[in-house]
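Taken in order, these protein sequences are the chains called A and B.
For the first sequence, position 1 (counting from the first letter as 1) is numbered 1 according to our numbering, and the numbering increases by one without interruption.
For the second sequence, position 160 (counting from the first letter as 1) is numbered 160 according to our numbering, and the numbering increases by one without interruption.
Misleading hints may appear alongside valid ones.
[Claimed, not checked] The calculated label-pair distances, taken between Cβ atoms and stated as ranges, are:
| no. | chain 1 | residue 1 | chain 2 | residue 2 | range |
| --- | --- | --- | --- | --- | --- |
| 1 | A | Glu-14 | B | Lys-53 | 15 to 21 Å |
| 2 | B | Arg-120 | A | Glu-14 | 24 to 30 Å |
| 3 | B | Ala-165 | A | Asp-3 | 37 to 43 Å |
| 4 | B | Asp-63 | A | Asp-57 | 20 to 26 Å |
[As the list claims (entries may be wrong)] The list that follows gives simulated cross-link-like pairs (lysine-lysine, DSSO-like), each with its CA atoms no further than 30 Å apart:
| no. | chain 1 | residue 1 | chain 2 | residue 2 |
| --- | --- | --- | --- | --- |
| 5 | B | Lys-164 | B | Lys-204 |
| 6 | B | Lys-100 | B | Lys-124 |
| 7 | A | Lys-22 | A | Lys-10 |
| 8 | A | Lys-10 | A | Lys-75 |
| 9 | B | Lys-196 | B | Lys-164 |
| 10 | B | Lys-53 | B | Lys-128 |
| 11 | A | Lys-26 | A | Lys-10 |
| 12 | B | Lys-164 | B | Lys-128 |
| 13 | B | Lys-164 | B | Lys-109 |
| 14 | B | Lys-128 | A | Lys-10 |
| 15 | A | Lys-75 | B | Lys-124 |
| 16 | B | Lys-128 | A | Lys-26 |
| 17 | B | Lys-164 | A | Lys-75 |
| 18 | A | Lys-26 | A | Lys-75 |
| 19 | B | Lys-124 | A | Lys-26 |
| 20 | B | Lys-53 | B | Lys-124 |
| 21 | A | Lys-10 | B | Lys-124 |
| 22 | B | Lys-128 | B | Lys-100 |
| 23 | B | Lys-124 | A | Lys-22 |
| 24 | B | Lys-128 | A | Lys-22 |
| 25 | A | Lys-75 | A | Lys-22 |
Hints were generated in silico from the structure; no laboratory data involved.
Note that CB positions come from ideal geometry on N, CA and C, so glycine has one too.
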Amino acid sequence: MSDIEDRVRKIVVEHLNVEADKVTEKASFMDDLGADSLDQVELVMAFEEEFGVEIPDDAAESIQTFGDAVAFLTKATA
Amino acid sequence: MFDLTGKKALVTGASGGIGSAIAKALAAQGAEVALSGTRMGALEDVAKGISGKTHILPCNLSDLDAVERLVPDAEATMGGLDILINNAGMTRDNLFMRMKDEEWDDVLKINLTAPFHLTRAAVKGMMKRRFGRIISITSVVGVVGNPGQGNYAATKAGLGGMSKALAYEVASRGVTVNMIAPGFIASAMTDELNEKQHETIMQKVPAGRLGTADEVAACAAFLASDAAGYITGHTLNVNGGMVML
Numbered sequence: 001m002s003d004i005e006d007r008v009r010k011i012v013v014e015h016l017n018v019e020a021d022k023v024t025e026k027a028s029f030m031d032d033l034g035a036d037s038l039d040q041v042e043l044v045m046a047f048e049e050e051f052g053v054e055i056p057d058d059a060a061e062s063i064q065t066f067g068d069a070v071a072f073l074t075k076a077t078a
Numbered sequence: 001m002f003d004l005t006g007k008k009a010l011v012t013g014a015s016g017g018i019g020s021a022i023a024k025a026l027a028a029q030g031a032e033v034a035l036s037g038t039r040m041g042a043l044e045d046v047a048k049g050i051s052g053k054t055h056i057l058p059c060n061l062s063d064l065d066a067v068e069r070l071v072p073d074a075e076a077t078m079g080g081l082d083i084l085i086n087n088a089g090m091t092r093d094n095l096f097m098r099m100k101d102e103e104w105d106d107v108l109k110i111n112l113t114a115p116f117h118l119t120r121a122a123v124k125g126m127m128k129r130r131f132g133r134i135i136s137i138t139s140v141v142g143v144v145g146n147p148g149q150g151n152y153a154a155t156k157a158g159l160g161g162m163s164k165a166l167a168y169e170v171a172s173r174g175v176t177v178n179m180i181a182p183g184f185i186a187s188a189m190t191d192e193l194n195e196k197q198h199e200t201i202m203q204k205v206p207a208g209r210l211g212t213a214d215e216v217a218a219c220a221a222f223l224a225s226d227a228a229g230y231i232t233g234h235t236l237n238v239n240g241g242m243v244m245l
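Turn these sequences into a full structure, and let the hints guide you.
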């Protein structure tokens, strides 16, 4: 498990108050983890802060699952 | 009771009568206040009259680039922003059929578009910190209308709708969004009314007098405080009973 995955999972677990083992690669924030649209915005803000990157709105919209977030942030911080 | 110690506030239109009274009231409750406006000298005078910590952040609200910078500047200067007071406003009155495009556009820009930009910028940090107070100064004319003020009334009604929509979105994050709607408040403008005009106005006001800027400012101090944490999407009418909504 990569360091980025760990950090993203920690944020998701804290923000959405879900069990860590529910946060799988295919898990959708909204459909599987109970996030509403505001939670989704807050997650993106938390990712930006944690990784010191800017996530533009169109990219933010494409981040639907835990896997999407890890992939985006892996690329953005590479 | 309405303690604001440690809170950081930004007041637009802070050199005006109501704006300066709000800045003073927030500071009196312990808030650190950033004063924004266009008249540097007048802002300095307001700052001098406040014993607490103040900052002057000049901003022309018709310049969108400057508007976009104002909240980040305030956050950088004070290390955060807990209270945003959208107070700045202007009138450019004309009968509806005569109203020029510029008269419409100018008033919308200052009274509605600038508050949208400022609020959007401010609410992000407020959500993160799980505390925020957005307070916009509207007007009774946004609800009841006023001849010659089609543009102004539209912006004040618009602020109301905007605030309520936002209030829904951020309520669960400890951010409240409220309005204060003053009626006739004593100001440089009302000083110029002649006796006849004054009398005509007074007939509409059950309280039988003009309101004071301090009476408006007290509402802002209340709404900004922890005590008002369960009030959101609300308008406090400060009009001496002129319109009871």
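Worksheet item: Checked against the structure, which of the hints given earlier come out wrong?
Response: The structure breaks hints 1, 6, 9, 17, 22; every other hint is satisfied.
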